[in-house]
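Chain order of the listed sequences is A and B.
Residue numbers for the first sequence follow this note's numbering, beginning at 1 and rising by one.
Residue numbers for the second sequence follow this note's numbering, beginning at 1 and rising by one.
Keep in mind the hints are simulated off the structure, nothing from the lab.
Please note: incorrect hints may appear among the correct ones.
For lysine to any residue, the following SDA-like pairs were computed, each having C-alpha atoms within a straight-line distance of at most 20 Å [to be verified]:
#, chain 1, residue 1, chain 2, residue 2
1, B, K82, A, E191
2, A, K82, B, T195
3, B, K82, A, T193
4, A, K82, B, E191
5, B, K38, B, A64
6, A, K142, A, G199
Given next are the chains, with one letter for each unit.
There are 2 protein chains.
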Amino acid sequence: MDTGQTNVHRQNGVALWRQIADRIRASIANGDYDATGKVPPEFTLAAQFGVNRHTVRSALAALAQEGIVRSVQGRGTLIERKERLNFPITRRTRFSEGIGDQAREKEGLLLHSAQEPASADLSARLRIPEGATVIRLETLRKADHRPVSRSTTWFPADRFDGIEEAYSKSGSITVAFRMLGLSDYLRVSTEVTATHADGADLADLQLSPGAIILVARALNTDPDGVPVQYAVSRFPADMVQFTIEN
Amino acid sequence: MDTGQTNVHRQNGVALWRQIADRIRASIANGDYDATGKVPPEFTLAAQFGVNRHTVRSALAALAQEGIVRSVQGRGTLIERKERLNFPITRRTRFSEGIGDQAREKEGLLLHSAQEPASADLSARLRIPEGATVIRLETLRKADHRPVSRSTTWFPADRFDGIEEAYSKSGSITVAFRMLGLSDYLRVSTEVTATHADGADLADLQLSPGAIILVARALNTDPDGVPVQYAVSRFPADMVQFTIEN
DNA sequence: CCTAAATGTCTATTGATATAGACAACCATA
DNA sequence: TATGGTTGTCTATATCAATAGACATTTAGG
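Between the sequences and the hints, there should be enough to build the whole structure, so can you do that?
Shown next as structure tokens:
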């Protein structure tokens, strides 16, 4: 199903090998090659995309660099990793529960924390005075030891003093909130956009440059509707999809 | 706010001028240059991104091609268009209502229609027997004469015979359903992913190659929960954001 | 154990991408 | 009207991206 085979585009500022790498990565995630566990031969792919075999080789080399495939002389190009995590977005969205059994091991790392005055945008979202102190956490989430998202999240400092340590110890926002006396919270809005990966994305999420990033900006409130957290999370688009159930 | 200034990346398969074009486009949509209505001078941008002025010029030429900016010798590079449409995704998601007053004129074009047997994936989603006949519509939606989405949508043929004509005349799914006796329908699930634009996207949505596409796969049912429509819609990521309100 | 089917390596050539520098043309404004 | 700031154009050079062809090397299977 899905949209039909379209050809690659030239002179667009995106190298052919990168377009082809993206397409093959998507096909792998889509399960197109599950029957064989291998990517089609270089000759076949070259004909399929209408390019030279060497161009396909560049694409496969990039995917090998990402650890998605492994080429073996005489045998073919074997698929090493094949995944696309699904994140349900609901009124009770939780990172770790959302992954569910799609991954065995889940992990939340605190990269950095700071206190700072709220910007105009942030104060409006959290409904606090402009310039009021907020705690900012930079976090990295992993599933089965592979990074799946990079987040910047803000909390009102007066209410959630010490959340840096709570998160650092637990690796979970839900648990950190609970440690500070907030037993439940609700997702009230999520904005989803997409962009190219920036330098920090490439490093933290272990992507190859030119990758696409899904950006989710989320606002959580306590059960009374008072904003408790605003978060901007960045996910590799070829590893993740969001599902909104109404 | 938002993520900090990161530099462009070399030898990634994505040309520098394209990365810079994407960044400037995003800054425009973000309102960063609202004070002057102009993009900063080429020299300044070149210094900012750490590249040669000519590289910046290539980026600006691409944006001019898209109609986003217009360079005037002696004056600077003026911003011509600055928009990012917001699409709320709710249980009652409707394209035209969703845009609301963000655009004055809305339009739905029927590009192509066909009848075909349902694939395995489609039959599961619409809960009809595999191979049962479905009607497929290829549509293009515009707001203020600019294309904002390209959709492929499927309907069970037995229940919605003649929907091609109904849509073609009305330019609205909601109205077409009503003409065929379905007065209301509900959005039950939406899957959101992102990918690079393909050839058809570039042509229909009038994008420059390498652009990013947000893909929404949506299932609508009648009030009794019986699936009536499955749609795959593609939106230019730099023009659109989705908002999920819970 | 030979052969077909793969991937690996090498050389050569062309066009796109990026840098560098210089100068022309144009506009707003002091 | 002179000047500073800005975009437009030109030449030159180096590197990356893509094509082309030939041949080596490895693996699986008859």
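Right, here's what the structure says about each hint:
1. B:K82 to A:E191: 19 Å, holds
2. A:K82 to B:T195: Status holds; Cα separation ~17 Å.
3. B:K82 to A:T193: 16 Å, holds
4. A:K82 to B:E191: 19 Å, holds
5. B:K38 to B:A64: 13 Å, holds
6. A:K142 to A:G199: 19 Å, holds
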